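A.B. asks: Spelled out, the chains give:
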Amino acid sequence: MLETSIPKNSAVLAALLRADFTILWRNRRSLRLVLLLPLIILFSWKGLVDKLGGVFVLSSCITIGLTSIGLMGYTNSIARDRDRGVFQRLRVGPVSAWTIMTSRLLVQVAMILLMTILIFIGGYFVDHIQLSPAGYVAGLLLAMLGGAVYLGMGQAIVGRIKNPDTVNSTTRLVYFVFIMIGMFGEFGMLGEILGKVVVWSPYGVVRRVLASSLAPATWTIENTYALLASAGYAAVFIVLGVKWFKWESK
Amino acid sequence: MNEQSPASASPILDVQHLNVSYGAFQAVREVSFSVYGGEIFGLLGPNGAGKTSTLSAVEGLLKPDTGTITVAGYDTRQKPLHARANMGVQLQATSFQPELTIAEIIRLFASIYGVNLDDAAVKEKLAAIDLEAAAGKKIAELSGGQQQRVSLIISTIHNPQLVLLDEPTTGLDPQSRRQLWERMEHFRNNGHAVLLTTHSMEEAEAVCDRIAIIDHGRIIAIDTPEALIDKHRHDPEVLKAVRKGKVTLEDVFIGLTGTAVRS
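First to last, the protein sequences are chains R and W. Take 1 as the starting number for the first sequence in full-length UniProt numbering and just add one per residue. Take 1 as the starting number for the second sequence in full-length UniProt numbering and just add one per residue.
Extracted from the complex, chain R is given alone in its bound form (with noise of 0.2 angstroms):
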């Protein structure tokens, strides 16, 4: 038998990484759609700074930044080309089935700080919001966290779901579903249970999170427990995600 010489897995993870950053940019309308909106949303509420405070503003428009980077970006792209038979045709290949979709989570980990990062320089420069370089660390590292929350989410919704038009409408509505009730329920404007109820799902516990991590001087128990039930989501819908998702459409 002649010795079979296999790739290294850094090697075949670099060119994974060129190809799927490549294709981001490619796809540079739905990337601008996913940036532009919670900056549009921090510049609009400019004139809310002094009444809602600058954490809350920033949180809020990460939150939302978040949620259409782990619902809209990441899903749909795992859908669309798992049904297209991309990622079977990579898998017929020597490569470990971790380094494909590490590869496509390395390109969201990008998105998350690209996005959280003109966050800051936008609050910073329009809205005038200015923090402790602590909270700046704090808030990246902590957006990473809301990250890995919606990111699991939409792990889960591709696993569970096949059909990649289905699996667009159902982020579509978990989308709007998050961010409508998400920010009228923190506003009160929907009742005292459902703001409860908002406070401790997934879209309130990350913006609570983030928005104690940016002033890290006001962190309380409160936001400690919001941390801890940050982590629960993430972990609940990472291991759902990967226990339900499926390869290949069919």
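Because the hints were derived from the structure by calculation, they are not lab data. Model, not experiment: these values are computed from the prediction. A hint or two may mislead.
List of simulated lysine to aspartate or glutamate pairs, EDC-like, C-alpha gap at most 20 angstroms [stated by the list, open to error]:
id : chain 1 : residue 1 : chain 2 : residue 2
1  : R       : K246      : R       : D165
2  : W       : K138      : R       : D83
3  : W       : K79       : R       : E3
Given the coordinates of chain R, assemble chain W onto it according to the supplied hints.
C.D. replies: Leaving out everything else, chain W in the frame of chain R:
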């Protein structure tokens, strides 16, 4: 059944007692066959007979219930990456990223198979299939025949010992189909083993050195096309299927698998 190949003594692909099921439905039952270097082996069967399930198990895309599959001596369960590194797969669907250019796709898959290709090498690969000008195009901008040529180049970019082709000529015009046959024969003549699934009896007769007919998940015949015709030319069911006086592989196929249309 003729399990021996004149080309080579040790098989490049060896499938033994393969069983695959989807829930309660058993798609593949005790399938065994070998493909040797220097031969084109055809896997024929009606829709739903178990061809794609067998091929998917060989490719590592689905987990068999029982049975062993070795590729170039590597067990596909114990050494899946080694087995896959020794096979080149052309899937039924055109399953490349539509956002990437042809050159980018070739470079991606070359890297995945551990092959370093610079721009000049990519151009050379494309020139070999008369698609040098297509380097900057997307896959959807190519015709069906051009897409198949690109797919075949990518499947064999690492010079694999085993080439798996899943209905590669479906939808191609006669010129493109002939060109693909010539490429298959080129692989065979260079010592590669080629496993081909097809619905075209003409194709099987034209290019396959041996064929296996699979039906209801079981292999019901393995031999050279000529030997299969000779062996079954007097079967009553085959004689009923004859349309132009002379027994063809298609008549044998219909005689063995029946006339009922499969979904």
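A.B. asks: Determine for every hint whether it applies to the structure shown.
C.D. replies: Outcome of the hint check:
Of the supplied pair hints, the one linking K246/R and D165/R holds, its CA atoms being roughly 16 angstroms apart against a limit of 20 angstroms. For the hint pairing K138/W with D83/R, the CA-to-CA distance comes to about 18 angstroms; that is within 20 angstroms, so the pair holds. Proposed proximity of K79/W and E3/R is supported: the alpha carbons are some 13 angstroms apart, at most 20 angstroms.
The earlier numbered hints are all upheld by this structure, with none contradicted.
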